[in-house]
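Using the sequences provided together with the hints, build the complete structure.
Chains as they are written, first to last, in my numbering: chain A, 2 to 365; chain B, 2 to 365.
Take every hint as true, because none was put in to throw you off.
Which copy is meant is left open, so a pair is good if it fits within one copy or across any two.
The calculated lysine-lysine pairs, modelled on DSBU-like cross-linking and capped at a C-alpha distance of 35 Å, are:
1) Lys261 / Lys106
2) Lys261 / Lys44
3) Lys67 / Lys143
4) Lys299 / Lys177
5) Lys261 / Lys35
6) Lys190 / Lys177
7) Lys330 / Lys177
8) Lys331 / Lys292
9) Lys35 / Lys67
10) Lys35 / Lys225
11) Lys299 / Lys313
12) Lys165 / Lys209
These aren't lab readings, by the way, just hints derived from the structure by calculation.
Protein chains: 2
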Amino acid sequence: MSIQRRQFIKAAGLGAIGSAVAAPAIAQSAPEIKWRLTSSFPKSLDTIYGAAETFSRMVAEMTDNKFQIQSFAGGEVVPALQALDAVQNGTVEACHTAMYYYWGKDPTFAFGTAVPFGLNSRQEDAWMYQGGGIDLFNDFLKSYNVYGLPGGNTGCQMGGWFRKEISGVDDLKGLKMRIGGFAGTVLQKLGVVPQQVAGGDIYPALEKGTIDAAEWVGPYDDEKLGFHKVAPIYHFPGWWEGGAMLHFGFNIAKFNELPKSYQSIVRNAAAFANTDMQAKYDARNPGALKKLVAEGTKLRPFPQPVMDACYKAAQEVYAETAAKNANFKKVHDIYMAFRNDQYQWWQVAEYNYDNFMVRARPWQ
Amino acid sequence: MSIQRRQFIKAAGLGAIGSAVAAPAIAQSAPEIKWRLTSSFPKSLDTIYGAAETFSRMVAEMTDNKFQIQSFAGGEVVPALQALDAVQNGTVEACHTAMYYYWGKDPTFAFGTAVPFGLNSRQEDAWMYQGGGIDLFNDFLKSYNVYGLPGGNTGCQMGGWFRKEISGVDDLKGLKMRIGGFAGTVLQKLGVVPQQVAGGDIYPALEKGTIDAAEWVGPYDDEKLGFHKVAPIYHFPGWWEGGAMLHFGFNIAKFNELPKSYQSIVRNAAAFANTDMQAKYDARNPGALKKLVAEGTKLRPFPQPVMDACYKAAQEVYAETAAKNANFKKVHDIYMAFRNDQYQWWQVAEYNYDNFMVRARPWQ
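Here is the structure:
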């Protein structure tokens, strides 16, 4: 917190307000405020990290630079995977993170980012903005002292890089794959041995054969790390991230102290960054894909029996988790009902249109 | 223009600035401004019309109600299809419209909304926000004295309501269909006789058989008008609107007079409304689809030979139009190259993910 901010709050005599919907108690309509935002990402992931910068830039522009939010890469202020904790305890006012990183605290966090065989990117927006998702997820986040807003999306991710092609379910047995969280738990049921490997260590591990496979993001991010040179099979789709949504997280008390106009500015800037980040991935992935294919990458869909087995294993993990965790069950049931309705409609116009366009494209 | 606004401009001694990127010359950082926005839509299309209200609400919230934009339904201030003209000549400061309504002035306008076999909704965002689309389209709009920003999307529309099923290309010959603009021109090549029928007149025309078919939007809007009761065949997809993007249009001089912070607020509010409107359609279409099917609607894909013939006819119209219009050719070539790259990538992860999910859904 900056000096200006501390003085300001002291002058206004404010404490924590406690509820995300409370009316702001600040009289001054356009105060000077400086916040810090900790990202869970390195600057090298320019598309994801860039969403935090876009957000900050928009907030600054809209307030004539009165409200400034400085963003820090993962590790600069707090470790990458403690971004939420830092907001919860007030070390920083804001974070930009993937909620499923906190799956270990409570698996319900996963619904904020992506769950196996979940919504695609556009459907996640529908759920969040118009399907009650933002409110439902914040009911859950409240006990962590965090108010969350959608903050970008990667779109459907790739299934990752494999030294050998996966031809059937048996090929998963004993496979050492760099994959975590919910997806790792599902794949364990099929014999995969999930590995925790930091981004910078994946390449040498794949090269030496310490691991057999690794998932990262998609063409634009993956190409920069050069995985295709040591593991040429690029499987798809990443069924554990049909759309991976990022979140901005705000300390609830700090958010409530903002003037109402600034709260709205934060909501609009977050929504702008949310759309802009997906647009950036969509605009950049095609060029990276071409480059990867030109350099020998072999694109391979996961075989249908593998997809079916993973789907079945995911249902088992959902059932087991829901039986143990009421938060999870509540959000799961609402989310999955929404997903089923979404795909019932999606299969009509959207899917058939894309189907035709995918086949028509080579005519060009 | 409100009295406050006129006095304000008079006091500041401002004229039109002339370029959308000029620095604002207003000293007062948060002036009181009242604008009028004319929509091309009736309030009954609550999802589309609602995007203008969402935009205005966000601008008001972010400025502590200092910048108020009152929205009017089509016909309240100017006729629905003259919204762009009203902004061009300064009758109102802003509009919310579909740019392809102005196809008669110049077919290049169509790229602002949808063109046959064009980008889907998410790809349109990618093109606009990160593919140079906003700048390219504004290069074109400049001569109309309008600055445009994406302002919502319907997603892929349906192919419309047919009294009899289209089983092959021959069924298009002599078909009297309520369809306009670019799509009508394409369908004419296959023998369709395009009809101009206002929204409120479609139902009786279908009932009496004055027309054989009519396209409108998709389940949520169509169900309200009851077309399924008189024309039970619901064909898909609406290949002429793979994603129909709306636009906010602003009088360039009026936009340039805004303080820079207000310009940014307008950009962010427009982006919010853009995403929120698509989310609203996505959230509401599934329920409407269920209702339509329960009431006897027969969902039918256009047969593959019909899609192929329409694609071929569209290429002919593109070639003919590009040969006559340099604006059109310039935007067409950039847009189609972007589209081809988009679908090359889309067919990998996104399409395969949706494909699996569409098939997995009935398991629930």
